[in-house]
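Peer 1: Each chain, written out:
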Amino acid sequence: MPKVTYTDHTGESRIVEANVGDSVMETAVRSGVPGIVAECGGSLSCATCHVYVDEAGLASLPPRAEMEDEMLWGTAEDRRDNSRLSCQLRVTDGCDLRVTTPATQV
Amino acid sequence: MADGLLIIGSSQAGVSLATSLRALGYDDPITLLGDENHRPYQRPALSKEWLQGEITNESLMFRTHDYWVEHRIDVVKNERIIRIEKRDDGSGVAHSLSGARFAFDRLALGVGARPRRLLLDGVDLPGVLYLRNADDALELKARVPDVRDVVVIGGGFIGIEAAASLNRMGRRVTLLEAATRLVPRAVGEETSAYLLDHHRAAGIDVVLEAGVRRIVPRGDRVGGVELSDGRVVAADLVLVGVGVIPNTELAESIGLVCDNGVRVDECALASDGVTVAVGDCANLPNPVPGAPQGDRVRFESVNNAIEQAKVAAYAITGRREEYARIPWFWSNQGDVKLQIAGLSTGHDRTLVRGDAERGKHSVLYYRGDRVLAADCINHPLDFMAVRNALSKGLSIPYDAAADPSVSLKSVTVDPTALVGAD
Ligand SMILES: Cc1cc2nc3c(=O)[nH]c(=O)nc-3n(C[C@H](O)[C@H](O)[C@H](O)COP(=O)(O)OP(=O)(O)OC[C@H]3O[C@@H](n4cnc5c(N)ncnc54)[C@H](O)[C@@H]3O)c2cc1C
Ligand code: FES
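Note that the protein sequences, when read in sequence, are chains A and B.
For reference, each letter of the first sequence is one residue, going 1 to 106 in the UniProt record's numbering.
For reference, each letter of the second sequence is one residue, going 1 to 422 in the UniProt record's numbering.
Quick caveat, the hints were computed from the structure, so don't treat them as lab data.
One thing to keep in mind: the hints can contain errors.
As the list claims (entries may be wrong) - Covered stretches of chain A (in silico footprint by chain B; criterion: 3 or more residues with CB under 8 Å from a CB of chain B, positions within the stretch not fixed):
#1 24-36
#2 44-56
#3 69-75
No experiment lies behind these values; they were computed from the predicted model shown.
The C-beta atom is built at its ideal place from N, Cα and C for all residues, glycine as well.
Produce the complete structure using the sequences and hints provided.
Peer 2: What follows is the structure in structure tokens.
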């Protein structure tokens, strides 16, 4: 099964088994991983699902669409080059993605 | 404390309350009870992505089964509470339609709202639907393949969203709105006008100032909608979205003060001082900092359900945290992504920025030089900037914002610093 590793701002990690096709956001929220709020449930409207993607996984992801890019200019914790909205990231077969959650989403 | 907290209503507000409580370390038993025969799920996509088949049922679920078990939240489905006995200390017993009893030390109401029903001839015909919950949505989706003509009654958010989805799904859609513009209660005139043009151009036949006289049968099912001018609009399916009524009957039966919702204070406490009420069923003091004293509101939004549930969770754990936040809302309508930050009530001027031709613009609402709110259409940059400014008590001067080439973030200023500089 593909998996996603979520590390919070204090460095604590949780590995969650994920279903292919689910978003990195849903995978976290459904099993109660703290650090991702996802108020809008993945509708690309809230920017409270912000994550920093580990360099190793970054290249495998499709680039940000315009809307995601604009939303990222307003996240609670400032964006970096590896910032993504996790509701826009799909889990793929065999993926082993690592992301870090910001200290705050709102 | 053996019985713990009973939350009636296991939707956005109830789920947010239960999860917030566990996040705060609340250790007593939690029963999260609802009358629907589904695991707790999110509603917004029912009129949008889910209806159009873009996301699965599983994507609607709030949490996995394992989450509820691990966090000792007892999720009870398919039980409708019809009677509550409550003692002065806030504890009591709730009785369900099936005869089950649920004892509680403390009670929370997240019972939401129900669609306002039309009272007209023909509304009971098969094919006249409402859209509030998963069963409604499943029925709607199941009927779509056999339908060509759809009439949506009500040009509020849910009506427009469903109309836009059904239009995209290739149905012939007529949208009837009684007022002179779309979503009259929630957006300003500029936004209403844009939505009207956009949805008409997308192929929806929008009729404003539409009076509906009756639903016309064809055989034993719905065939059309007769307007007050006598015209009949053909319909194989009629979707009614004319607003909701808060579910206050249980609260009233235990003596809680209700007035367009269960009246609660800044901490989500009802008039008995111990029962909490959260989400669409609650009538609360306007949480916007600086709102007029005594002003009360009832929201129908995910953001409010989540934020109010947080203060309710604090109240239940014995910490007094007042609800003070900037409300926000979203509505996806076909190609339109509308995001609203703040409340525009009391504005005296508006400012339109961006490129309305390309459908990427925002309407900012000001009172004097103070920005109160913004409707942003396909313009997340402005939405995020206004929401952040309002949340931090910062201001975006009107004249600076009027220059479409500047980013709102770059002209956001601290009003207290401005006073100091004078
Ligand atoms: C189609 C649709 C689209 C929406 N889109 C958006 C959107 O884009 N953005 C946004 O912010 N908001 C949106 N909303 C609004 C949002 O979903 C609501 O604000 C939110 O669901 C309110 O949550 P709640 O828990 O207060 O109430 P509800 O969701 O109404 O839930 C109340 C629950 O309590 C149950 N219940 C009631 N009485 C009893 C009883 N006596 N015993 C047991 N159970 C009972 C009900 O059956 C229901 O399950 C949308 C709503 C709908 C219906
Ligand atoms: S969940 Fe709201 S933008 Fe990702």
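Peer 1: Against each hint, give a clear statement of whether it holds in the structure.
Peer 2: Outcome of the hint check:
Restraint check on the stretch 24-36 of chain A versus chain B: 6 residues with Cβ-Cβ distances below 8 Å, three needed, restraint holds. Here's how the stretch 44-56 of chain A fares: 4 of its residues keep a CB closer than 8 Å to some CB of chain B, so the rule of at least three is met and the hint holds. Under a criterion of three residues with beta carbons nearer than 8 Å to beta carbons of chain B, the stated coverage of the stretch 69-75 of chain A is upheld, 5 such residues being counted.
The structure is consistent with each of the numbered hints, conforming to all of them.
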